Amino acid sequence: MNDENSDHAIIIEDASFSWKDSACLSNLNLKIKHGTLVGVKGAIGGGKSTLLAAILGETNLIGGKLRRYVDSISYAPQMAWIFADTIRANILLGKPMDEERYKNVIKACCLDIDLKNFGEVGDLLMIGDKGINLSGGQ
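Those letters in the sequence shown? Residues 1 to 138, by the UniProt record's numbering.
No lab work stands behind these hints, which were simulated from the structure alone. There's no promise every hint is true.
Said to hold, decoys possible - Derived DSS-like pairs: lysine-lysine, alpha-carbon spacing no greater than 30 Å straight-line:
{"#": "1", "residue 1": "K65", "residue 2": "K31"}
{"#": "2", "residue 1": "K31", "residue 2": "K103"}
{"#": "3", "residue 1": "K33", "residue 2": "K103"}
{"#": "4", "residue 1": "K107", "residue 2": "K65"}
{"#": "5", "residue 1": "K65", "residue 2": "K116"}
{"#": "6", "residue 1": "K95", "residue 2": "K65"}
{"#": "7", "residue 1": "K107", "residue 2": "K95"}
This structure is a prediction, so every number in the text was calculated from the model and none was measured.
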């Protein structure tokens, strides 16, 4: 490793990754320094989970370079526990409505935009088994 990259834990250069045949991430460039806490944010279906899987070596590297200069990587995956009920019921979990807390949860989970996109039904949208599925990020 040269001096320029000695403080990096992960270096990705012009890399493309795939789950099967065609690339799902292309021409990716990324450098992560040792000891850095990294959060990944983006649009639904934008490749956040695929990026993390690529760093962990769980996808196919089909072009470019992926170099890991670490023995281990800590990864906290999203694990959604969704009950077959409304979004509101999934947030309240049987507790009485506390408007301030509820609004804080919606904001912290970045659901405000999604709720607007759901139209009039908003947080009364059914999710889970018989309702729509939300992505893990949602």
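Against the structure, the hints:
{"no.": "1", "hint": "K65 / K31", "verdict": "12 Å, holds"}
{"no.": "2", "hint": "K31 / K103", "verdict": "36 Å, violated"}
{"no.": "3", "hint": "K33 / K103", "verdict": "36 Å, violated"}
{"no.": "4", "hint": "K107 / K65", "verdict": "38 Å, violated"}
{"no.": "5", "hint": "K65 / K116", "verdict": "41 Å, violated"}
{"no.": "6", "hint": "K95 / K65", "verdict": "50 Å, violated"}
{"no.": "7", "hint": "K107 / K95", "verdict": "19 Å, holds"}
Consistency note: the structure conflicts with the earlier hints numbered 2, 3, 4, 5, 6.
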